[in-house]
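Chemist: Chain residues, written in single-letter form:
2 protein chains.
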Amino acid sequence: MSTPTTAPEPAPGDRRSPWSRTVRRTADGSLAVGGRDVRDIAAEHGTPVYVLDESDLRARARTFVTAFRDAFADLAGADVYYASKAFASVAVPRWVHEEGMHVDVSTGGELAVALRAGVPGQALALHGNNKSDAELERALRAGVGRIVLDSLGEVDRVADLAGRLGLRAPVMVRVTTGVHAGGHDYISTAHEDQKFGLSLAGGAARAAVDAVLARPELTLLGLHSHIGSQILDLSGFEVAAAALLRLRAEVADQTGTLMPELDLGGGYGISYTGADAPPAPDRVATTLADVVRRASAELGTPPPRVSVEPGRAVAGPAGLTLYRVGTVKPVVLDGGGERRYVSVDGGMSDNIRTALYDAEYTAALANRRSTAPAVLSRVVGKHCESGDIVVRDVLLPADVAPGDLLAVPATGAYGRSMASNYNLVPRPGVLAVRDGQSRFVVRPESEEDLLALDLG
Amino acid sequence: MSTPTTAPEPAPGDRRSPWSRTVRRTADGSLAVGGRDVRDIAAEHGTPVYVLDESDLRARARTFVTAFRDAFADLAGADVYYASKAFASVAVPRWVHEEGMHVDVSTGGELAVALRAGVPGQALALHGNNKSDAELERALRAGVGRIVLDSLGEVDRVADLAGRLGLRAPVMVRVTTGVHAGGHDYISTAHEDQKFGLSLAGGAARAAVDAVLARPELTLLGLHSHIGSQILDLSGFEVAAAALLRLRAEVADQTGTLMPELDLGGGYGISYTGADAPPAPDRVATTLADVVRRASAELGTPPPRVSVEPGRAVAGPAGLTLYRVGTVKPVVLDGGGERRYVSVDGGMSDNIRTALYDAEYTAALANRRSTAPAVLSRVVGKHCESGDIVVRDVLLPADVAPGDLLAVPATGAYGRSMASNYNLVPRPGVLAVRDGQSRFVVRPESEEDLLALDLG
Numbered sequence: 033m034s035t036p037t038t039a040p041e042p043a044p045g046d047r048r049s050p051w052s053r054t055v056r057r058t059a060d061g062s063l064a065v066g067g068r069d070v071r072d073i074a075a076e077h078g079t080p081v082y083v084l085d086e087s088d089l090r091a092r093a094r095t096f097v098t099a100f101r102d103a104f105a106d107l108a109g110a111d112v113y114y115a116s117k118a119f120a121s122v123a124v125p126r127w128v129h130e131e132g133m134h135v136d137v138s139t140g141g142e143l144a145v146a147l148r149a150g151v152p153g154q155a156l157a158l159h160g161n162n163k164s165d166a167e168l169e170r171a172l173r174a175g176v177g178r179i180v181l182d183s184l185g186e187v188d189r190v191a192d193l194a195g196r197l198g199l200r201a202p203v204m205v206r207v208t209t210g211v212h213a214g215g216h217d218y219i220s221t222a223h224e225d226q227k228f229g230l231s232l233a234g235g236a237a238r239a240a241v242d243a244v245l246a247r248p249e250l251t252l253l254g255l256h257s258h259i260g261s262q263i264l265d266l267s268g269f270e271v272a273a274a275a276l277l278r279l280r281a282e283v284a285d286q287t288g289t290l291m292p293e294l295d296l297g298g299g300y301g302i303s304y305t306g307a308d309a310p311p312a313p314d315r316v317a318t319t320l321a322d323v324v325r326r327a328s329a330e331l332g333t334p335p336p337r338v339s340v341e342p343g344r345a346v347a348g349p350a351g352l353t354l355y356r357v358g359t360v361k362p363v364v365l366d367g368g369g370e371r372r373y374v375s376v377d378g379g380m381s382d383n384i385r386t387a388l389y390d391a392e393y394t395a396a397l398a399n400r401r402s403t404a405p406a407v408l409s410r411v412v413g414k415h416c417e418s419g420d421i422v423v424r425d426v427l428l429p430a431d432v433a434p435g436d437l438l439a440v441p442a443t444g445a446y447g448r449s450m451a452s453n454y455n456l457v458p459r460p461g462v463l464a465v466r467d468g469q470s471r472f473v474v475r476p477e478s479e480e481d482l483l484a485l486d487l488g
Numbered sequence: 033m034s035t036p037t038t039a040p041e042p043a044p045g046d047r048r049s050p051w052s053r054t055v056r057r058t059a060d061g062s063l064a065v066g067g068r069d070v071r072d073i074a075a076e077h078g079t080p081v082y083v084l085d086e087s088d089l090r091a092r093a094r095t096f097v098t099a100f101r102d103a104f105a106d107l108a109g110a111d112v113y114y115a116s117k118a119f120a121s122v123a124v125p126r127w128v129h130e131e132g133m134h135v136d137v138s139t140g141g142e143l144a145v146a147l148r149a150g151v152p153g154q155a156l157a158l159h160g161n162n163k164s165d166a167e168l169e170r171a172l173r174a175g176v177g178r179i180v181l182d183s184l185g186e187v188d189r190v191a192d193l194a195g196r197l198g199l200r201a202p203v204m205v206r207v208t209t210g211v212h213a214g215g216h217d218y219i220s221t222a223h224e225d226q227k228f229g230l231s232l233a234g235g236a237a238r239a240a241v242d243a244v245l246a247r248p249e250l251t252l253l254g255l256h257s258h259i260g261s262q263i264l265d266l267s268g269f270e271v272a273a274a275a276l277l278r279l280r281a282e283v284a285d286q287t288g289t290l291m292p293e294l295d296l297g298g299g300y301g302i303s304y305t306g307a308d309a310p311p312a313p314d315r316v317a318t319t320l321a322d323v324v325r326r327a328s329a330e331l332g333t334p335p336p337r338v339s340v341e342p343g344r345a346v347a348g349p350a351g352l353t354l355y356r357v358g359t360v361k362p363v364v365l366d367g368g369g370e371r372r373y374v375s376v377d378g379g380m381s382d383n384i385r386t387a388l389y390d391a392e393y394t395a396a397l398a399n400r401r402s403t404a405p406a407v408l409s410r411v412v413g414k415h416c417e418s419g420d421i422v423v424r425d426v427l428l429p430a431d432v433a434p435g436d437l438l439a440v441p442a443t444g445a446y447g448r449s450m451a452s453n454y455n456l457v458p459r460p461g462v463l464a465v466r467d468g469q470s471r472f473v474v475r476p477e478s479e480e481d482l483l484a485l486d487l488g
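Protein sequence lines, in the order shown, are assigned to chains A and B. Taking this note's numbering, the leading residue of the first sequence gets 33, the next gets one more, and so forth. Taking this note's numbering, the leading residue of the second sequence gets 33, the next gets one more, and so forth.
Think of the hints as simulated: they come from the structure by calculation, not from any bench. The hints are all genuine.
Reference excerpt, derived from the structure (chain B facing chain A, CB under 10 Å, subset only): (1) Gly185; (2) Thr221; (3) Ala222; (4) Ala236; (5) Val363; (6) Val376; (7) Gly379; (8) Ser381; (9) Cys416; (10) Tyr454; (11) Pro458; (12) Ala484.
Simulated coverage check for chain B against chain A, where a stretch passes if three residues somewhere in it have a Cβ under 8 Å from a Cβ of chain A: (13) 130-142; (14) 152-166; (15) 351-362; (16) 366-375; (17) 407-414.
We put the CB at the ideal spot given by N, CA and C, even for glycine.
Could you put together the complete structure from these sequences and hints?
Modeler: This is the structure we're talking about:
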């Protein structure tokens, strides 16, 4: 257990802050986001509710786009792809595309949402370790800018399909470099024991490149690598990028084909509790530009156009979940001391990350200021399961009581996108707020929605 | 890592078998369930699909009901409640009620489904650590047979509400005894660091009992305890039951009120891979009856009517998930050797338990027999996440290829009920099979269903 702390106060501009940038404490002591008081949000829209700070999300998208454009200006340029898996309702790919991002999709559903959002096919990348024929055909017909090939068998499948459709498919080859990163460190092995990609060390990546080059229906755009998630230390990216650039130079040398692009994936960490300082987009961009510049010079190959794929780093900090407190129960601990169990009206159905990844969150009393002493608390949900925990350890004011509102920051990514109907609890809506206005971009589910699937 | 094994062949009647009892190998070598060949199911209904063996589920319900009726015949009788959280579409509470079970619900959604299934209010129990006023009112109006009180504050809330509605509310008090069980063992502590219940050792349970007795709007039915989940060893139940019976006798002695009932919760384990022998319902029933008989005699109190709450043990083994194989990829491991990554057309969105609880499953080639050598395999999904694993370690025939069908048994509980739309993947339907007939009790979601919630 980490030492429990109180949620930090809103601090726009502080990279360590888990709050989106329009979150403020009002004169009354309540929180406001996007110019809307959380008390009004709860009164009008009910709880639990995901609140998405549109200005914040757009600003994060723009910051990435600008940082990469600037850092790669003297190289061959860069593109920033939004990873839909973090959270994609139609509004989100539309916003990020308006801010200059491209969009990653990995299923038919994500492709449909991106297209409905008005993102042109050319600005889309299709990922996936197990794409169906239907998904591939849909992507090709939509004219996606790239299909990231994930297995040797996929080379011929995509080539055959492109041939049947009379198209040429732009592809990348996903390479596993043995670099795994996450948090403050990375590890490096020869082989990766995971479902994605083709091994660099084992020769499968090179075999796939050769197979692509043998098929005239395919255009080989470049190599792709993704090294992990919630990454705070950038050195793993440098190692992986250097390895991919060496393979690119080797292929150019031996086949005469210099791949024009290089995708270094995503996985940039965010601040969940205020304890960690995630890497700023401009530092990510200059770090990656430096390694591309240096390695290209050493290898004597012109630098590629680079792409990256942030998802969490764009949507995560832009969202918070607003809950209403129900039962508050003190539990005496065996070693002495006490833990306050603060139950809220949601739980593991709207945020599975605490149970799934032992993820850390924080929570703040949101409807008022309190000067009561802070006590060791655990924010739990209403599900019929003892592992139904939202925030494992947090200090909350001792006077938190039924009817209070709690805000849990940094739930914009992997919150609604991984939500379930466990215990037949309808999923909360996603309320976009901006400049004092609010509207649901995903409406709250109703019991009728749940029962609509039930044929009795 | 456990030593990987091959999925056992169907063995109806074998308690170690993870397959539901109508699963057979056909002469062709394919699997059939409920008299339907999985090849036909896949062709007609698509994959992935949850297949629910109605006869098996009904038989498990009936077995529990009969076992408890018989074991407690010389005591004050027993009731068996189905825990809806395991899986509840309208069909399931209807089936289990037809077989003699009562039904546990813990949310408004579960209550709505049970009522729609035709289960009378009197046969329902309402659980939950954080019931809303709306849920309590709905339950009282439906005339539920019991409300399980989970905190001190709830005593007055329920009493006040019952008073306003002019009703008398039958309640139980959920007690934490310090006994935690799961798998082959149990532990015992003084205090329980969890959100549910009222502490026996700390005196909160007794305080709640006294508070209930002070409110004429409440009828105190008895004490309740739930000690864990996926329990294979029954000794934890004996310890918890004895503790509750002592508190019951103490309350009778000091207040003159002898509580007529005792609920010992659920949590009975099932076989997921064939490695474990779960306790048979008749052994569960006789074990619990023995401890109730013995403790009541020692305490000199008439035995209570006993209730238990299986969920997983009824629905879990009745379900299997049928997937179609896509990408098959060999990955060389660092220590030498190779792992076959077999990708299927579902994944962590339809079965989160492998990632969430490190749960073990097995998988069998379902559309044909194979004599190919068995190789170390991992069944993974199609989600954009390396933790998207369905079966961590299993031996599968080396010739498993794209287009083959895989069946994963024991997914009837906590499969569909915890499913998400991660990566915007529609959730599979639940196909009930029986005597050669099949019909969807929950229809498959479509992309349109997903987009219906999206307001753009």
